[in-house]
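Trainee: Below, each chain spelled out in residue letters.
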Amino acid sequence: MTALLIPAALLLGLVFVVPMLRYVWLSGHADSVLTGLVAIPNQGANWVRLLNDARFWQDAAQTLRFAVVSVGLEILLALAIALLLDQRWRGRGAVRALTLIPWALPTTVMALGWRWIFNTPYGPLEQVSGLLGGPALNILSNPSISWLATVFGDVWKTTPFAALILLAGLQTIPSDLYEALKLEGASAATCFKRITLPLLQPYIALALLFRLAQAFGVFDLIQVMTGGGPAGSTESLALYAYLNAMRFLDFGYSATVMMGSFLLLISLCIICWICLQSLQRRLGRA
Amino acid sequence: MTLQRRLWIVLLLTWSLGPLLWQLYTSFSINEALVTPFADLPQRWTFAHYQAVLTGDPPFWRYLFNSLIVGAGSTVLTLIIAIPAAYALTRSQARISQVARVVLIGAALFPYVLLFLALLEVARSLNLGNHLLALTIPYAALSQPLAILLLSSAFRDLPIDLEEAATLEGLDLWQKLRWVLIPLIAPATTSTAILVFLFAWNEYPIALTWISDSNLLTLPVAMARIAGSSIYSVPYGAYAAATVLGSIPLILLVLMFQKSIVSGLTSGAVKG
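Which chain is which? The protein sequence lines are A and B, in order. Read left to right, the first sequence gives residues 375 to 660 (the numbering used here). Read left to right, the second sequence gives residues 75 to 346 (the numbering used here).
Do not rely on the hints blindly, as some may be mistaken.
[Claimed, not checked] The following label-pair restraints were derived from C-beta to C-beta distances:
id, chain 1, residue 1, chain 2, residue 2, range
1, A, Q651, B, P309, 31 to 37 angstroms
2, A, I380, B, P133, 41 to 47 angstroms
3, B, D246, A, A554, 49 to 55 angstroms
4, B, M330, A, V502, 31 to 37 angstroms
5, A, Q651, B, Q125, 56 to 62 angstroms
6, A, S518, B, A122, 54 to 60 angstroms
No lab work stands behind these hints: they were computed from the structure. The beta carbon of each residue, even a glycine, is placed where N, CA and C say it ideally should be.
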């Protein structure tokens, strides 16, 4: 019987375990154009370089900012959508299908679409701003706000996924709970706070954790929409690792950046997990 | 229906579909209309962008075809490997299946883009670059966690008596799977298949690094390539036409398989 597991285990090992071992090995070696693309042990020099690499830490901060803000917005929006889709009305199934469309499209398809929508001076946002007599927005060329445009693109695409998870959670809540509380004269807001939020909490945690891990690895959207610019302000860790390998041809350091990103993500997940646990205890007591 | 609810629904649909409708509008507009949208133009509509995209070299349908091959191949390979594994997992000891679940969830959470460099080295050393079907190997591997979790929860839901009856009838393991169990988990298999297909169709970083031959590009990579390297010279009209053409198959797929997609995405959340 266990023989049936072997092909899947081999495949997972080949694609997950072998690469990670390879990165551990590569991150201890200099392997770039300078070494003639031959791996030479360099006694942890890659890791020292990583710790002192301002660009790595800036990208780490940017990636974290991107992930936290876009996942936070996503969960709020998803909660609103799930509450709307949880009610009974005609055409609900069709609307649910239509809201899924952004999630199903390839990221690169709309990434360029966003570039056009945020384009200066011809994009619709600029045109409307101009028509209203507003200033030029220059969203994608202003390093302090262009990351918000990438957040927007990410929220648009991934909210349906979170909304579906939360909707599934809402549908597990028995309706007599609400009726019982309403009999006591509780308002809709009280019902939401006393029943919906506590019972939905595991689903929120699930969507949060899953989306946070994915947002932390954001690549497609950034690479196509802004290319990491302007002035590197939207560059994510995954894009930095990609550039190190494919543009600077520094494979040893690229592997180190990937390992570093992976370690940061694991610490982030652990911190999140601890926060959620303590939040859960507090909600349980309340 | 209350007015307030109707308003929220309109808002939701505008948010979800508005950007796509804007691409649709862009794809049929002449360049002058895009640059000066409020100018009084005698004729603002055109099919030229679609013509340019469809008669390009290679023509656009080629990318759709490539993505179709990769998507279908990955789906088949994933199911061939995941169905036996999912079955074995439900019939193995509780401890083993517990550990396997944790490992699979961890793998599902892993941002796989971080694997691209090592995978590229694998592709180079095994000479897998520029083969469409070679892409199905990493895609099937990356799809295993989701596929095994979904399918094993479907196997677990089947009554054990059924299997015992099949054993009493003298069916061996293969016959049991083929004639009794696999037909019964068809809904979960459909969900898995459609989710894997969507993943393979949409995957970007691995396809970007494995395929360089412009005749073999999958749709997401081809789209990114249209963008070229400069932010300022993107042919937005042609690009919007490509967006529309590239979106149509997926929109049809979502509308046709809505129920399977939703149950696939949420059954893991509800049960686990």
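Trainee: Which numbered conditions among the earlier hints are violated in the structure presented, ordered from lowest to highest?
Mentor: 1, 6
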